[in-house]
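Q: Single-letter residue listing:
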Amino acid sequence: MKRDSQWITLSLLLIAFGGLIFAYKVVRLGFPPYPDMESAAWTIQAKLELTPERGAVRANLVLPSRPTGYDIAQENFVSRGFGLTVKDGDYQREADWAIRRLRESKSLYYRALVIPATSRRNFAPRPDYPAPPELEEPFATAARDLVNEVRAESADTESFAAAMLNRLTGSRPDENMDLFLADVETFRDRVDLAQTLLAGARIPTLQLHGIRLDQDAQRAHLETLLAVYNGDEWLVFDPVSAEEGLPADFFIWWTGRGDLADVKGAHISDLQISTRHRVKRSLELAQQRSELQISRISLISTLQLPIQTQAVYEILLLIPLGILVIVLLRNFVGLSSFGTFAPVLIALAFRETELLKGIGLFVMIVSLGLFFRFYLERLRLLLVPRLAAVVTIVVLLMTAISIISDQFGMETGLSVSLFPMIIVSMVIERMSVIWEERGATASIKEGIGSLFMAALAYLVMSVDVFAYWVTVYPELNLMLLGVIIALGRYTGFRLTELRRFKPLVMQQKVPE
Amino acid sequence: MIGRILALKKAGVLGLNARNGDYIFHYNQRKYYPLVDDKILCKERMIRYDLPVPDLIGVLREMHEVADVSDMLGDRKEFVVKPANGSGGDGILVIVGRQGDYFLDADGRMVDMDTLEHHITNVIGGIYSLGGQPDAAMIESLVHFDPAFSRLTYHGVPDIRVIVFKGYPVMAMSRLPTRRSHGKANLHQGAIGVGIDLGSGITMGGVSGNSAVSHHPDTGAAIAGFHVPGWNQILDMSARCYEAVKLGYLGADIVLDRDLGPLILELNARPGLNIQIANRRGIRHRLDAVDAIGDAKHTPSERAVWSMRNLGERKAEPVVESATASSLPP
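Protein sequence lines correspond, in order, to chains A and B. First residue of the first sequence? That's 1 in my numbering, and the numbers climb one at a time after it. First residue of the second sequence? That's 1 in my numbering, and the numbers climb one at a time after it.
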């Protein structure tokens, strides 16, 4: 009995395994489940124009490191003449350009391709609790009062931060806040103030600087958001409106109080960030993404193979699907055909010729072949030479059809060369044997049956999505294998048997 | 559709998938297949187990031996050429007479020596064998069918198919050649299938294709109510085949020879399911009944008797009545 349950286990395992790989590739690596899907990608560029002052020049540019919601697929630097070192930290990345002597103004470029990420990564590590700010009077008291007031009005870190930021907007007259706001001149001052006040309640905060990826911009506007740590995760607030949440199109370039660029020996005459929207094939992005994640799972796809091999595998990987159709037609419907899987091979030929033309060509070759085969029968050749003669005749017929149709400018005739000639020859041979043994009707009937199965297999195999799935997700064939194994244990009736055995049921209904 | 499936299940009808999956896989070990698939091996086995078979005149395995066929035949006027690994009755050439250099086939057509040799080379080449492997041609003596059957056949030899499950005969039918089947006892080709009551050996209603027939279309004789001679012996022989080839689910094809009595023509490891239609009965309940016996050892004759007693039609009634009963429209 153990062997009886083995097939279920195996079948389920195969289906689960294939499904898992598929799910991983779609969800984590962002492989698109449908072909021709497109995703938005952005090219961002930072241009740092330096005007030399004197001596050696060092320029430091903070690079995007972990922009939540986005991945950086490609990066390049344009900085002729400069020595470049990139410092890679977990949460902080910097490019350092250095040149001993700079004669004239020079622009340094950093360019990156930004693609939507499939997994969410934090832009910063878990922070320490900040020390309470050391303030002078009357600021110290004002801060204490503010903290106490806001704390009384809030329930947790989140509402505290929101309430504090709300007061900062100055919408409500508040003596304590006015004291602080009197000193605030710039936007950065306001954010610094928010940090100071929240630090008063020992709430860790972090400035997030970045740009909006929502339109092409020559000079993208740098924005700053405030991240507040609530003990478990970072919450992001807009320091002006006090709205919570990281906008989906906000690309975090760097964090902290530092500046984007820092230059010694020269001054920054221009620093501009430009963004350009690009539409890329999702598949391409997924491949780039999986390169970033160095995922071996992504190797399970034929996309890494040379392009010609890919074309071959697209066909090979479709065969199990065609064969599944044959299994269903034979064991569930109950049709029969010449050769177990010959219809699949014929169906593959139809892929090149299109269905109706393919059927036409097939019928033409087989009929002509049969005609010659019947003549050969009269010559009483031995079996193997006769088969060889049939194959040769089939090849000649195919050539003739191609040449003639070419003369008439019909291209379909050319694709006849893709018919599996050995299979066609075997079909001719089998048909002629059945023709003689059981008559023309049986022979033609079986021929039409095979053609029907081939047509059906073709129709299934020609669904573009299937071709896409098997090439990008070859693991789906594991699921197919599981299904085929399960189908192999089907011992119920075939559809045609319901008709065939009808008399047996009718008889049962007659009262005894 | 669901209703039909349930009704068929209830009637105990065995489908092709169930036959393969539930019976052939379980009870027929692959290593014993050659014993039935190769008619030459099968014949040797039958002889070793004292089961009567038509005489073997000769075997031709190589192309060059074909030239010797005329020596092998001597002046025989009747013989049958068969592919050793043929299927479905394909490639069987029946010679019933000879006039000088010409032979006469079952349909009365003239066959010259060249045609005969060509047929044999085709057989050896493997044109009729499963998968097209090279095959051997066997020539055996012609069965002279028992005249008892003459009113129920058109040319050809009617045969009796018995399904033997674990050594117990479980269902039987006779296949009557017709003009449409060109004298062949093949249901696909138009022969009539007739159920035979296991208990009595009396034929019941006939089936041509899927429709009931009460009279032979060519001879006009009533099909039902015919008592197959030597029925006990036929069931006994069928039961003994189990020991000979060790297949748990097999079909024995038996012919009645005028002089030699019942002969085993061939065995089949994958017997067809039409026997259920001919008998108007699903076979499964009978298979279950045999399964219920358990694994106790019984001799072939004990098993044959058990089948006659237990698997016969309940109403195995006198000849005339069963004839009228089965000629009623269904």
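Hints are computed from structural coordinates only; laboratory data are not their basis. Treat each hint with caution, since some may be false.
What the hints assert, rightly or not - Computed beta-carbon distance windows for the label pairs:
#: 1; chain 1: A; residue 1: VAL27; chain 2: B; residue 2: SER87; range: 31 to 41 Å
#: 2; chain 1: A; residue 1: GLY488; chain 2: B; residue 2: HIS298; range: 30 to 40 Å
#: 3; chain 1: A; residue 1: TYR24; chain 2: B; residue 2: GLY209; range: 47 to 57 Å
#: 4; chain 1: B; residue 1: TYR49; chain 2: A; residue 2: THR309; range: 41 to 51 Å
#: 5; chain 1: B; residue 1: GLY261; chain 2: A; residue 2: PRO420; range: 49 to 59 Å
#: 6; chain 1: A; residue 1: VAL395; chain 2: B; residue 2: TYR102; range: 18 to 28 Å
#: 7; chain 1: B; residue 1: ARG98; chain 2: A; residue 2: VAL384; range: 39 to 49 Å
#: 8; chain 1: B; residue 1: ARG98; chain 2: A; residue 2: THR441; range: 30 to 40 Å
#: 9; chain 1: A; residue 1: SER336; chain 2: B; residue 2: LYS297; range: 39 to 49 Å
#: 10; chain 1: A; residue 1: ILE422; chain 2: B; residue 2: ARG98; range: 18 to 28 Å
#: 11; chain 1: B; residue 1: ARG258; chain 2: A; residue 2: GLU436; range: 46 to 56 Å
Remember, it's a predicted structure, so these values are computed and weren't measured experimentally. All residues carry an ideal CB built from backbone N, CA and C; glycine is no exception.
Q: CB of SER336 (chain A) to CB of LYS297 (chain B), is that within 39 to 49 Å?
A: Given range 39 to 49 Å: holds, Cβ gap about 40 Å.
Q: When you take the CB atoms of TYR49 (chain B) and THR309 (chain A), is the distance between them in 41 to 51 Å?
A: violated (58 Å)
Q: Between the beta carbons of ARG98 (chain B) and VAL384 (chain A), is the distance compatible with 39 to 49 Å?
A: violated (31 Å)
Q: For the range 30 to 40 Å, tell me whether the beta carbons of GLY488 (chain A) and HIS298 (chain B) fit it or not.
A: Because 34 Å falls inside the window, the suggested range holds.
Q: Is 30 to 40 Å right for how far apart the beta carbons of ARG98 (chain B) and THR441 (chain A) are?
A: Holds, since ARG98 (chain B) and THR441 (chain A) (Cβ atoms, about 32 Å apart) stay within the stated range.
Q: CB of ARG258 (chain B) to CB of GLU436 (chain A), is that within 46 to 56 Å?
A: violated (31 Å)
Q: Holds or violated: 18 to 28 Å for the Cβ distance of ILE422 (chain A) and ARG98 (chain B)?
A: With a Cβ separation near 41 Å, ILE422 (chain A) and ARG98 (chain B) fall outside 18 to 28 Å, so the hint is violated.
Q: Is 47 to 57 Å right for how far apart the beta carbons of TYR24 (chain A) and GLY209 (chain B) are?
A: Distance hint for TYR24 (chain A), GLY209 (chain B) holds at roughly 55 Å.
Q: Within 18 to 28 Å: is that where the Cβ-Cβ distance between VAL395 (chain A) and TYR102 (chain B) falls?
A: violated (39 Å)
Q: Looking only at beta-carbon atoms, does the pair GLY261 (chain B), PRO420 (chain A) fall within the given range of 49 to 59 Å?
A: holds (52 Å)
Q: Note whether the CB distance of VAL27 (chain A) and SER87 (chain B) lies within 31 to 41 Å or breaks it.
A: violated (52 Å)
Violated hints for the displayed structure, listed by number in ascending order: 1, 4, 6, 7, 10, 11.
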